[in-house]
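Going line by line, the protein sequences match chains G and B. The working numbering numbers the first residue of the first sequence as 1 and each following residue consecutively. The working numbering numbers the first residue of the second sequence as 1001 and each following residue consecutively.
Certain hints may be false.
[As the list claims (entries may be wrong)] No farther apart than 25 Å at their CA atoms in a straight line, the calculated lysine to aspartate or glutamate pairs in the DMTMM-like style are these:
hint	chain 1	residue 1	chain 2	residue 2
1	G	Lys246	G	Glu297
2	B	Lys1003	G	Glu166
3	G	Lys272	B	Glu1057
4	B	Lys1139	G	Asp568
5	B	Lys1171	G	Glu16
6	G	Lys2	B	Asp1172
7	G	Lys359	B	Glu1156
8	B	Lys1171	G	Glu555
9	B	Lys1109	G	Asp594
10	B	Lys1003	G	Glu192
If you are wondering where the hints come from, they were derived from the structure by calculation, not from laboratory data.
Spelled out, the chains give:
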Amino acid sequence: MKTMGRMLLTKEPFSEIVMGNTALVRAMIESGTRVVTSYPGSPTPEIATAIQSIPGEKRPFYFEFSTNEKVATEVAFGAALNGHLSAVFFKSVGLNVASDTFVQLSLMNIIGGMVVVLGDDPGANSSQNEQDNRHFAYMSYTPVIEPSSPAEVYTFYKEAARLAQEKKMPVILRLTTHVCHAKEKVAFSGWEPSPFDNTPMFDVKNGPYISLTSEVFPKKRRALKNLQIIEEDSIRCGLHRTEDHKNRKMGIITMGLPFQSVMDVIEKAADKPDILKLGLVYPVPKEPIADFLRSHEEVKVLEELDDILEKEVKSIAYDLKLSTAIYGKMDSEDRIGEYTPDKVYQLLKKTWPHMLPDKGEKAEDLTLIPQRPAQMCPGCGHRSAFYAVKKVLEETDITVADIGCHSLGFLPPYKMGEILMCMGASTGMGSGLSIFNTSRKVIVFMGDSTFFHAGLPGIVNAVFNKHNITMVLMENGTTAMTGHQDHAASGKNFNEPVEAIPIRGVLEGLGVNKIYETDTYNQKKLKELLVQALGDEEFSVVIAKHPCMLKFTREQQRQPGYIRKRVDIDQNKCKRISECIQTFACPTFTRLEDGSIRINPDLCIGDGSCIQTCPTSAVTSPGAKGQEDNNG
Amino acid sequence: MDKFNIYLTGVGGQGIGLISEILLRAADNAGLNVKSVDTHGLAQRGGVVVSHIRMGETIYTPLIPAGESDLVVALERHEALRGMNGALKNGGVLIYYNTVWQPLDVRLKNADEITEDVISQECQRRDIREIRVVEPALKDIRMQNVAVLADIAKFELIPGINNENYIEAMKDLMEGKKLEDNMKLFNGKSA
Ligand SMILES: Cc1ncc(C[n+]2csc(CCOP(=O)(O)OP(=O)(O)O)c2C)c(N)n1
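Bound conformation, chain G alone (with noise of 0.2 Å):
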């Protein structure tokens, strides 16, 4: 078997087929970034992944999970501060969360330099939102480079690095969800580790550090110097490149995913336009861009999102007062969506209707196929508290949802959640909502992850104001959506065992003095609790406590002996009330056609949360089930 912590410490040069988050690695090992720090979300998780793959002792760099992103970039400052390189990535609102020190950072002396390696999700493929983390860059003079592809994001971040390092100061990486997560064959180059010099550089010589007054203007001065700089630097480094079609006429300029999706697009085309790629898309490099307009007719711009570089292409060719025809945004639905080669044929058809062929007709579809949501696994303790929830409250009670796998709670049957934000967002939303509200309860949700990445000020709030709400903490000990990274109650780092941090101390520590706590999957006794917490007059807490069933299952599967449990149905006791589909609706039951309830036996772990919800105790106890006597 091929291992991928082997590949990336390879030292001799190699190709082998990887992901854009994997070649993001061996970039990082081959650059010498020394500390790197993340918080997860998608589309980057996999690069943590990527990174776990190589045993610590053999990892070249420090890695750590913080608990959020903005934590994650002071970690990585700090370290640079100290002469390290070193980066951070998130996902694209991530960037939202680290703002408040990350659009500091251009103003400071980086001495090891730091990448900025930012997921963003153009699509909302998995976000809240598409937000264009250009529109950041432009605010904090740092400047972007974007790769379109796994083979890019290797060569990229290495310039990156470089950029950074020579220049002392941040640079942002920005890959999108499909350059992420594409996979193709990449050439790796050679890599000799060398040893590393520990000595703490840091030294106010190098600043100041500290931005007040009299210090911002020189800051500000010498970030913008930097940007000029490294717009030159991106022509001579050959970060920007022309596919040339010899067509005069016609010519567009795209950067990142949508420059391979023009370059499958245009294939059918009788007559290709000529293509100017951006590697640098902030600043953006004048001289090709003027360049390019000099000699083209007409030119598209073909950018995902907002339309920014569209206004930087326009603003040059008036300053020179060219003549070429600017096509950039046409209408409101091309700021919408991925660029993908769908996207780009339709943008295309509507800017030079003649270029591509037409396609055939679609065939029509006959069939009406019912959609499948992502939903809560089978056993998700989510669930078990979701239904416990939705029994003891009125129709009007008003529930607030926070991300993560919970936030799933909002589709039928539970309809639970039914307002979302972003992380950490229900408690001070929750609280807004009890205001002047005396007769529809408030109950907000959150996760353990996000209870220590933002819920901890909208908790501390909820006590101090005197907010009369209740939250369900659903502790299942993992981030689990993004994919099972540890947090700080889970009992161990990223490296390392530690002591967790107690959920239940933290809360009694802010002084919140109504908590309650059980295992979700006690029915009774949740629902006990909840009334209880609901009656209490101040901010009360029921921790619902679950061990995350998806993770727990799986590392039960990798134990020797490991014997698969199921649940069944009693046909002769079950009345066909359905409440295990219809309310508790785990996705194990499966209605057959005579009416009848039944086990899906490729779904069920037996893990018997449904028991106690089944009215006329059908649901018999989970047995060890061999394949033979599936019942489905």
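Following the hints, put chain B with the ligand in place on chain G, whose structure we already have.
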């Protein structure tokens, strides 16, 4: 070889990732230029999981345009129909593992389960070759993907890739008992 596009689909937890990685590596072993991409993240939680694989001399993105797949590989019946409707060319090939993980609306009685007949009729109407796989004696449901792989090999559904290429890919990705069991299944079925 000109371009060849494979669209894989199933439900989170069925092992789309593994079969996709085997096909990707088998194509590379066969000396083909190949790219792929999987959906990650939210979709893992019992939602639809999709993987795109493209082979050919000049391919740029791994993303297959709608309706341009030559082969759709599905691990579940509803996803087989969804996949072929959205991704498959007329005249292409659909191979699916015939199991059902009922979508929410079917369980809640808001929609009917998709039957084998519906899929067969669609395949006939669109001149699609349909291959149905089922292996009731499987020791572990996580081997359904390799059962499908074995039929892909047996029916030579992907031009330019032979059994040796698949086997080498499996050896790259698995070891020990897991490899042994899957090899036995593969060799038994694909021969
Ligand atoms: C600012 C920010 N960072 C990261 C994410 C990615 N993310 C989505 S769900 C989730 C997991 C939260 O874990 P937890 O609160 O423990 O809930 P669980 O998934 O375990 O139920 C994370 C980190 C995000 N949405 N926003």
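Okay, the hints, checked on the actual structure:
Pair hint Lys246 (chain G) plus Glu297 (chain G) holds up; C-alpha atoms about 13 Å apart against a cutoff of 25 Å. Restraint check: the Cα-Cα separation between Lys1003 (chain B) and Glu166 (chain G) comes to about 43 Å, which exceeds 25 Å; the hinted pair is violated. With a CA separation close to 18 Å, the supplied pair Lys272 (chain G) and Glu1057 (chain B) stays within the 25 Å bound. With a C-alpha separation of about 19 Å, the suggested pair Lys1139 (chain B) and Asp568 (chain G) falls inside the 25 Å cut-off, and the hint holds.
About 15 Å separates the Cα atoms of Lys1171 (chain B) and Glu16 (chain G), which keeps this hinted pair within 25 Å; it holds. Under the criterion of a C-alpha separation no larger than 25 Å, the hint pairing Lys2 (chain G) with Asp1172 (chain B) is consistent with the structure, at around 5 Å. Distance restraint check for Lys359 (chain G) and Glu1156 (chain B): the Cα-Cα separation of roughly 29 Å exceeds the 25 Å cut-off, and the hinted pair is therefore not satisfied. Restraint check for Lys1171 (chain B) and Glu555 (chain G): satisfied, since their Cα atoms lie roughly 23 Å apart, inside the 25 Å limit.
For a cut-off of 25 Å, the pair hint linking Lys1109 (chain B) to Asp594 (chain G) stands: about 13 Å separates their Cα positions. Between the alpha carbons of Lys1003 (chain B) and Glu192 (chain G) the distance comes to roughly 39 Å, so the proposed pair goes past 25 Å and is violated.
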